[in-house]
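These are the residues of each chain, in order.
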Amino acid sequence: MGGKDSRFQSTLWEVVLQAKNGETQAVEQLARDYWKPVYFFIRRKGQPVESAKDLTQSFLGHLLEKDLLSRVDPEKGKFRSFIMATLGNFLNNERRTSQAQKRGGAFNFVEAEDDLRSADSTPEKAFFKGWALTILEQAMTRLRETVPPEDLAILEGKAPPEMTPSEKKNRLFRVRGRLQHLLRESVRTAVDREGDVDSELREIFASLG
Amino acid sequence: MTEIACTSCGAALAESQARRFGALCPDCMLRFAGEEGLPEFPGVEIVSTIGKGGMGVVYEAVQSRLGRRVALKVLSPHLAFNAAFMRRFHAEAHLLARLHHPNIVTVHDMGVHGGLPYILLERVEGKSLRVLLKQGPVAAPRALEIAAMVCDALDCAHGAGIVHRDIKPENILIDERGQARLVDFGLALSANLEERKGTRSRLKVGTPLYMSPEQIRQPEDVDGRADLFSVGLVLLELLTGKLPRRTARGPSIPRTVPARVAAFLKKMLAADPRKRVASAKDARTLLQTLRAK
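Chains Z and A, in that order, give the protein sequences. Those letters in the first sequence? Residues 5 to 213, by our numbering. Those letters in the second sequence? Residues 13 to 305, by our numbering.
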């Protein structure tokens, strides 16, 4: 934990730049981070599951093939907004192309459908929810790697009977602190400026209503 | 598809979600992460937050039985899963317990509760030099007096084989009686071999702005003279209101600084520790001489 995970060392714009230059790892990272919000958006636009799967994969390919990343300008706003706007245009243009080519099966659409059930009904809000869940999923994976299972069990309401309320409270405080830290680390890869990390996190928490 | 209920809100949770997010649904997990809350420790009640640093949070608290105000230092929760951080955190309490000096904050107790390490410290009512510096430079006689008190504290620490390694305006408080109090031994290095295991650490090595050249190069291999360099920088900041420019030949001392004081600072800020004022005791004596003139 002393050293940062290598996943967390590049800023978003560094990753975008690397992806523009065709670096496979960066392209994969962008696809990994944005496929779910993209899928949610498309589903909430009314596309059925199979069509939404194809369109998601097609859009991510389109983004790279058409060199759309070269239009990204950090001065013009969030990368997330850029993706959503580009996706809106893409869907308008591709309305008739339900035969979009598949680009591999790295995305778990079955899981996405499970998550989509709790997502808001508008495409924009669902896009954000998909992004927030991607951030949470990354943080949860690392949380399980670093937090003892007995602490996670307390979170699930399974505290040992001998544990005092204040001990339980502190155990949860510790897990929460770690989870907040990991969420912050995940968000950091998705923003350009350090100053945006906390506001993005607040936006995620606020989106819960 | 197997359905499970979220243990918090009862919402249906798909099996794939339980696997990825745990027994809480994603919304409840995010809600849990976003909650504000305070830890709890036996015998103390937290009143307010005094400050947050890289390693921990300091709360103002009251020891219930004694009705005494204390400073409660708690390791940052996200670090409390790491044995090295836990060791280093408690090393501060052990080092402080060996130091009895009017210019060094007193430690009352330490412990771990619910997996969270904490230290109970004397609550110093006062302001840090950082806060005082916001009002501008400090008059030379008072600045020299403060530096002399810090050197007196360091003489005690160095005599016990402890190098503070993080001397900066934030870590020097001026109490209500005008006395300087040295706080935050969280990065201190002990010469004692047993303690050294806990205090030798690459985790964090101090505030670069105030570090001596040798501390920047070899943070784990410094002696008390590294602290003296930092005191020199703090003194210069007190006199001028800002940190000096660091050039290849060392920090530049503005001409506005009186010649005798500048000569002293030059010796405190020598890049080569062998050419620096030799000890905190010598530095204090020189400061007292300067004040008398």
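Just so you know, the hints here were simulated from the structure itself, not pulled from any lab data. Be aware that a few hints might be false.
Simulated pairs of lysine to any residue, SDA-like, Cα-Cα distance not exceeding 20 Å [said to hold, decoys possible]:
#1 82/Z <-> 31/Z
#2 172/Z <-> 44/A
#3 173/Z <-> 93/A
#4 173/Z <-> 54/A
Hints, one by one, checked against the model:
| no. | hint | verdict |
| --- | --- | --- |
| 1 | 82/Z <-> 31/Z | holds, 18 Å |
| 2 | 172/Z <-> 44/A | holds, 14 Å |
| 3 | 173/Z <-> 93/A | holds, 16 Å |
| 4 | 173/Z <-> 54/A | holds, 12 Å |
Checked against the numbered hints above, the structure violates none of them.
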